Amino acid sequence: MTRPYIRKIARSCVALLFVLSFLSPASADALDKEINLGKKAAESIEEHWERVADPAKSARLNMILTRFIPYMERPLPYEVRIVREETINAFSLPGGIVYFTTGMLDFMRTDAEVAAILAHELVHADRRHVIIQTARASRISLAAVLLMVATGGAAG
Numbered sequence: 105m106t107r108p109y110i111r112k113i114a115r116s117c118v119a120l121l122f123v124l125s126f127l128s129p130a131s132a133d134a135l136d137k138e139i140n141l142g143k144k145a146a147e148s149i150e151e152h153w154e155r156v157a158d159p160a161k162s163a164r165l166n167m168i169l170t171r172f173i174p175y176m177e178r179p180l181p182y183e184v185r186i187v188r189e190e191t192i193n194a195f196s197l198p199g200g201i202v203y204f205t206t207g208m209l210d211f212m213r214t215d216a217e218v219a220a221i222l223a224h225e226l227v228h229a230d231r232r233h234v235i236i237q238t239a240r241a242s243r244i245s246l247a248a249v250l251l252m253v254a255t256g257g258a259a260g
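In case it helps, my numbering puts the sequence shown at residues 105 to 260.
To be clear, the hints were calculated from the coordinates, so they are not data collected in a lab.
Hints may be right or wrong, so weigh each one.
Said to hold, decoys possible - Cβ pair distances, simulated, as ranges:
#1 175 <-> 134: 17 to 27 Å
#2 176 <-> 137: 11 to 21 Å
#3 177 <-> 140: 13 to 23 Å
#4 179 <-> 148: 21 to 31 Å
#5 133 <-> 210: 31 to 41 Å
#6 195 <-> 137: 15 to 25 Å
#7 172 <-> 213: 17 to 27 Å
In this text, all values refer to a predicted model and were calculated from it rather than measured experimentally.
Positions of the beta carbon are idealized from the N, C-alpha and C atoms, including for glycine.
Turn these sequences into a full structure, and let the hints steer you where they fit.
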């Protein structure tokens, strides 16, 4: 096996270990890493979409959020933000940040509808779905690289 292949395998293993470190409940700073990852993702999102400062909508979301927090399994700094976008959507980031688009908030009529969407997104954050999916994708990518190297199919 040539040196470039060994370097590729080593880099892939290091990247995989970094991602998998988020999955280890024994990792002392895994929660801090996840929160920081979410903050960085939020910065990127807010470079593309304008964050909306609407006191009435924010108060509505926060009132509903406070009802769910006691039922969350992990002590994340859960937060709901609004971005200006007409698409009907809501999504969560690692670390407990949940976004609602203005299109979603305009579409929903009742607090029960808002609560259903918010609960769905909070579960994604609480259960680390984004982190777990990223780790799965990394394992699949690593397996593909190792298979290509083992069969001589990797391009130098």
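Status of each hint after checking the structure:
1. At roughly 21 Å, the beta-carbon separation of residue 175 and residue 134 lies within the given 17 to 27 Å, and the hint holds.
2. For residue 176 and residue 137, the Cβ-Cβ distance of about 18 Å falls inside the hinted range of 11 to 21 Å, so the restraint holds.
3. A beta carbon spacing of about 20 Å between residue 177 and residue 140 agrees with the range 13 to 23 Å that was offered as a hint.
4. Under the hint 21 to 31 Å, the C-beta atoms of residue 179 and residue 148, about 25 Å apart, fit the expected range.
5. A hinted range of 31 to 41 Å holds for the C-beta pair residue 133 and residue 210, which are about 40 Å apart.
6. A hinted range of 15 to 25 Å holds for the C-beta pair residue 195 and residue 137, which are about 20 Å apart.
7. Evaluation of the 17 to 27 Å hint for residue 172 and residue 213 yields a pass: the beta carbon distance comes to about 20 Å.
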